[in-house]
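2 protein chains.
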Amino acid sequence: MSTAQAGAGAEPWSSGELEDRLRALAEERYHHRHPFNLRMHEGALSPEELRCWILNRFHYQRNIPIKDAVILAKLDDRELRRSWIRRIHDHDGRPAEDGRPGEDGGIERWLRLGEAAGLDRVLLLSGEGVLPAVRFAVEGYVNFCRHGSPLEAVASSLTELFAPDLMVTRIAAWERHYPWIEPEGLRYFQVRVSQGRRDSEEALGLVHRWARTRADQERVLAAFTFKCDVLWSLLDAVDHATAVPAGASDAR
Amino acid sequence: MSTAQAGAGAEPWSSGELEDRLRALAEERYHHRHPFNLRMHEGALSPEELRCWILNRFHYQRNIPIKDAVILAKLDDRELRRSWIRRIHDHDGRPAEDGRPGEDGGIERWLRLGEAAGLDRVLLLSGEGVLPAVRFAVEGYVNFCRHGSPLEAVASSLTELFAPDLMVTRIAAWERHYPWIEPEGLRYFQVRVSQGRRDSEEALGLVHRWARTRADQERVLAAFTFKCDVLWSLLDAVDHATAVPAGASDAR
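Chains L and C supply the protein sequences, listed in that same order.
Residue numbering for the first sequence follows the UniProt record's numbering, beginning at 1 and increasing consecutively.
Residue numbering for the second sequence follows the UniProt record's numbering, beginning at 1 and increasing consecutively.
Since the hints were made in silico from the structure, they are not lab data.
All values reported here derive from a predicted model rather than from experimental measurement.
Honestly, I wouldn't trust all of these hints.
[Claimed, not checked] A short, non-exhaustive set of chain L residues, derived as facing chain C with CB atoms under 8 Å:
| hint | residue |
| --- | --- |
| 1 | A69 |
| 2 | V70 |
| 3 | R78 |
| 4 | R81 |
| 5 | R82 |
| 6 | G93 |
| 7 | P95 |
| 8 | A96 |
| 9 | V130 |
| 10 | L221 |
For each residue, glycine too, the CB sits at the ideal point set by N, CA and C.
Given the sequences, and given the hints that come with them, work out the whole structure.
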């Protein structure tokens, strides 16, 4: 019996119990616990380490609207698409139209974060310096959404449930420990607090609506675990790439 | 040597010559020449035949935003996505937000066309009565865009170059021959005149920008031919399904 079918005969969990299990998984596997993130928030990262993270995380960011277009193409309900498409605009922005001013979007805000930290946007847009393991993790995420069921694709976005708290902690930590980064650069994180709350509520609602059997709920947990692994792997790669060679320093 | 590589060693055509070839293909294969369409515009269709077409064509319409989301997920340039995404809103509409009124979109307008012709929207939305060959053709189109290159996916939309003229002819023909259909029901066709012009200009610009070799230009023509076949097959299926049994009438 495969893992995905382990709960096939069992009663479905209540909504509250499913959420408790997501929360327990996040406690254990969400990247807020990753050593690199802990050092980031403690103020222990050098400017080079921080820039390495910003540059590599940008590769993730720029693929998010593609991932969301992949999910959009899986939604055969017009109302769902009309809601989900907002996520693509959140990252890509909107051109000015009909007298309405344009909107920058999250990718532009991330480019400004890079600039505030001393990274040229031309470098970020070139993709130069993105670590292979980061490319693999991001590609793995997009492909998971491409080949999985709508439920699995949406469930993999549930890490957004835990992102707003992380953003709030991060903003405070960066303002305190990395004053050399212009405050305007933190705008990406600020905007994601409210967007993340709204997006995760929407995704959680869909997951509760669609996952009516224990087997489906197990798939939700598996998708969430997979996504935690994507985020964790990204930090593993950056951590490894920026590690001071053994013996060169006692800092780590 | 395969067809796709037939032009590999040849000089690329000029923009004008590529467009001439598209036009020549359209003259031969675009569905404006299909017998069912000719009968539609001559006023020879019975209400049942017209309803059968509206119902089956709705299956195509409702899959267009999915096809466009598939294409969106292939565009790794943010500016291109910010433009292409408009097509999804054109069909799905937009919910009201930020004090801006909502927009119905093309799917809603097609549902109203159905109602104006005496088809219940619940029936249309159920998918009941969609002919198998229509399902296959539409699935073939979405999969062509899913598995093809961005160039091929975009080129397959170039039938829009010829849609506005067809819409203008259709509106006049329907107003004249099918006065039992409420004029408000023709709104879908009216809106597509300007949307089709804008969309086909955009797609043609991308095709000229991307297809720099003869081999790529041949792929453009192949994609366009494929798409003509999709539209033609849809009418074949409806024509066959509505055909009066041999001997029952001399009308055909």
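Results for each hint:
1. A69: For L:A69, the interface hint holds, since the closest Cβ of chain C sits about 4 Å away, which is under 8 Å.
2. V70: holds, 5 Å
3. R78: holds, 5 Å
4. R81: holds, 5 Å
5. R82: holds, 5 Å
6. G93: holds, 6 Å
7. P95: holds, 5 Å
8. A96: Because about 11 Å separates L:A96 from the closest Cβ in chain C, which is outside the 8 Å limit, the hint is violated.
9. V130: violated, 13 Å
10. L221: violated, 26 Å
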